[in-house]
Amino acid sequence: MLDLPARISDSLLLLIEAQRAVAHLVIDDAQRLVQAGGRLEHYGLCGLEIGSLASDQIPLLEGMLPLAETPFLIRSMAMPSGRIADVHFFADEGTVWVLLLDVTAEHDEAQLVQQKAYDMTLLSQREARLIAQLEATNDQLKRTHRELAASQDALQLTHDRLQAELRDAERYVRAVLPAPMSQPFEVDWRFVPSTELGGDSFGYHWLDDEHFAIYLIDVCGHGVGSALLTVAVANTLRSEALPRTDFREPSQVLAALNEAYPMERHGELFSTVWYGVYEPASGNLRYATAGHPSPIVLSGGQARALDASGPCIGIVPMAKFAQVQCKLNLPARLFVFSDGAYEIARPDGSMMELPDLMQTLSQAPASGQSELDHVLQVAREAHGPGALEDDFTIIKLAL
Amino acid sequence: MLQKKICLLGAFGVGKTSLVRRYVDTIFSDTYLTTVGVKIDKKVTAVAGEEVALIIWDIAGEDAVSAVRVSYLRGAAGYLLVVDGTRPETLETAASIQGRITAEIGAAPFIALLNKADLVDDWALAPERLQQLEAEGWRFRRTSAKTGDAVNESFAELAALVAK
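Line by line, the protein sequences are chains A and B. Using this note's numbering, you'd call the opening residue of the first sequence number 1 and step up by one each time. Using this note's numbering, you'd call the opening residue of the second sequence number 1001 and step up by one each time.
These are computed hints drawn from the structure, not numbers from a lab. Accuracy of the hints is not assured; some may be wrong.
Residues from chain A that face chain B, not an exhaustive set, calculated with beta carbons under 10 Å [as the list claims (entries may be wrong)]:
| no. | residue |
| --- | --- |
| 1 | L60 |
| 2 | M64 |
| 3 | L65 |
| 4 | F72 |
| 5 | R75 |
| 6 | M79 |
| 7 | P80 |
| 8 | H107 |
| 9 | A110 |
| 10 | Q114 |
| 11 | Q115 |
| 12 | A117 |
| 13 | D119 |
| 14 | T121 |
| 15 | Q125 |
In the DSS-like style, the derived pairs of lysine-lysine whose C-alpha atoms are separated by at most 25 Å in a straight line are [claimed, not checked]:
| no. | chain 1 | residue 1 | chain 2 | residue 2 |
| --- | --- | --- | --- | --- |
| 16 | B | K1146 | B | K1042 |
| 17 | B | K1164 | B | K1042 |
| 18 | B | K1146 | B | K1039 |
| 19 | B | K1146 | A | K116 |
| 20 | B | K1039 | A | K116 |
| 21 | B | K1043 | B | K1164 |
Take a look, some chain B residues computed to stay more than 12 Å from chain A by CB distance [stated by the list, open to error]:
| no. | residue |
| --- | --- |
| 22 | E1128 |
| 23 | L1130 |
| 24 | R1141 |
| 25 | N1152 |
Ideal Cβ placement from N, Cα and C applies to all residues, glycine included.
Construct all of the structure, not just a fragment, from the sequences and the given hints.
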């Protein structure tokens, strides 16, 4: 204890009492309020009844008495008036003294500091959680990236294998095409599929010493399905493998083909076919068409289309096909082609048409260039850069 | 009238004061205002038809440098341990406080409130840890001082426990 003169210690007490708004409560061992004084109204403790149970009137005392330790301090307690008090408990000869000292200013200052510290801590905790989430997301992304890369490798392998198989198939499609010939008349062709596997195929061969068959097939669509069907049809015609059919009679051939390749049994695919038989001895050409573009004959400086009509192969069961015969005035050049040889979309959206092809064929190509290369060049120039949209096939017989 | 002292304890910023304000005054504010010291409220509730006055001690939260003064719980009939469901570390603070209370004061009824249940997208408590504490006798309630979800029910449940 400070050994202060009474005058000084009294002054000190007066100073504390003035600055801290001291109030006091005294409670007996029966927990009744026996005395109350000082600045009670400063803390909102008004109307206290001496002699009544203290904790009924002053909630902060609930459970606190009897004292387990003395002195005992509760720091910064909010009082009913809104002031903040340090609450001091002292045991004294059967009674408990409760002293209230105002610490509102210190409390408010501490609250400001604590508020800033907690705000910072909460922010840093949140930042740490966000960083952890970002890292977890990053890890997940890396895993996904690795899985994607593995999938891409597997896809690339599959793609390479399929490409190799498609190249094999394309080689086969080309391998079954007949070679150009020059005797006793010239036959040449150009074949440019729009994709690696197209729907066009063709063939020509001697049926006997007097009859030469020529045919062109255009299966709707492109790709593996169309290529398989067009090769099958071409092989059927090449091997003359249609029952009860005279291959010298085009109408019979197309009718038999129509029965052999109905679209409902061939992947909903149908085809256009032109089939003709030429007799060199007489100069006669018999032909029939199944929805195919009319061939063009150039003879005596004139170009004409060999018109005929008939439904596409595979659409109409039991269909009949008209057969046309004409005599060719030699020398003549016969061009058989698919619609891809002239239905070319120009960059401006307009389309080339059959008369354009006839005009091209009527023009003499540049010196040294074959007629077929000239037609292909015109088509490519009309189309512009990139692959043609449709298969380009044209056969020329120079008779 | 039966009068019971109960305390709210937990880490700072978990929503102790907001839960009291929601329960006593039916209000909520999004503004965070830290508690320094102690604030006492009184609310009369009914337990099995009998009125019970709850003397609610809202005690400043625990942080890294200042621990909750367990001696403030002297005479408390029970307590609510409050956890912020979006901050897993506050569950461990609650576990630490509960251990000290049991060691210094002895066993007393308590309920752990997993507060801020409205922040579903930010919920971060590990179910395994909750199961582990449940196995130790903890009982949990998901509360939201913001929406009021399970707030009155939690105080009523503790009141029923302490009024026995």
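We went through each hint and held it up to the structure:
1. Residue-level restraint check for A/L60 holds (minimum Cβ-Cβ distance to chain B is 5 Å; threshold 10 Å).
2. The restraint placing A/M64 at the interface with chain B holds, with a minimum CB-CB distance near 6 Å, inside the 10 Å limit.
3. For the restraint placing A/L65 at the interface with chain B, the shortest Cβ-Cβ distance is roughly 8 Å, inside the 10 Å limit, so the hint holds.
4. Interface hint at A/F72: satisfied, since its Cβ lies 7 Å from the closest Cβ of chain B, which is below the 10 Å cut-off.
5. Hint status for A/R75: holds, given a least beta-carbon distance of 5 Å to chain B, under 10 Å.
6. The closest approach between the C-beta of A/M79 and any C-beta of chain B is roughly 9 Å, which is under the 10 Å cut-off, so the hint is satisfied.
7. Contact between A/P80 and chain B, as hinted, is supported at the beta carbon level, the nearest pair being about 9 Å apart and thus within 10 Å.
8. Interface restraint check for A/H107: the shortest CB-CB distance to chain B comes to about 6 Å, inside 10 Å, so the restraint holds.
9. Because the closest C-beta pair between A/A110 and chain B is about 5 Å apart, less than 10 Å, the hint holds.
10. Contact between A/Q114 and chain B, as hinted, is supported at the beta carbon level, the nearest pair being about 5 Å apart and thus within 10 Å.
11. The restraint placing A/Q115 at the interface with chain B holds, with a minimum CB-CB distance near 5 Å, inside the 10 Å limit.
12. Hint status for A/A117: holds, given a least beta-carbon distance of 8 Å to chain B, under 10 Å.
13. Hint status for A/D119 relative to chain B: holds, with the closest Cβ pair at about 7 Å, below 10 Å.
14. A cut of 10 Å between beta carbons decides the hint on A/T121: the least distance to chain B is about 7 Å, and the hint holds.
15. Of the supplied interface hints, the one on A/Q125 holds, with its beta-carbon coming within about 6 Å of a beta-carbon of chain B, less than 10 Å.
16. Between B/K1146 and B/K1042 the alpha-carbon distance is near 21 Å, which keeps this suggested pair within the 25 Å criterion.
17. As the CA atoms of B/K1164 and B/K1042 are separated by approximately 19 Å, the hinted pair is consistent with the 25 Å bound.
18. Restraint check for B/K1146 and B/K1039: the C-alpha separation of about 20 Å stays at or below 25 Å, so the hint holds.
19. Between the alpha carbons of B/K1146 and A/K116 the distance comes to roughly 23 Å, so the proposed pair stays at or under 25 Å and holds.
20. Proximity of B/K1039 to A/K116 is assessed by CA-CA distance (about 20 Å); at most 25 Å being required, the pair is judged to hold.
21. Between B/K1043 and B/K1164, the direct Cα distance comes to roughly 18 Å. Compliance with the 25 Å bound is thereby established for this hinted pair.
22. With a cut of 12 Å on Cβ distances, B/E1128 stays outside the contact zone with chain A, its closest approach being about 17 Å.
23. Chain A leaves B/L1130 outside its interface by the beta-carbon criterion, the shortest separation being 18 Å against a cut-off of 12 Å.
24. Its beta-carbon lying about 23 Å from the closest one in chain A, B/R1141 satisfies the requirement of being farther than 12 Å from that chain.
25. Residue placement check: B/N1152 keeps its beta carbon more than 12 Å from all beta carbons of chain A (closest about 20 Å).
Figure legend: structure checked against the earlier numbered hints; every hint is met.
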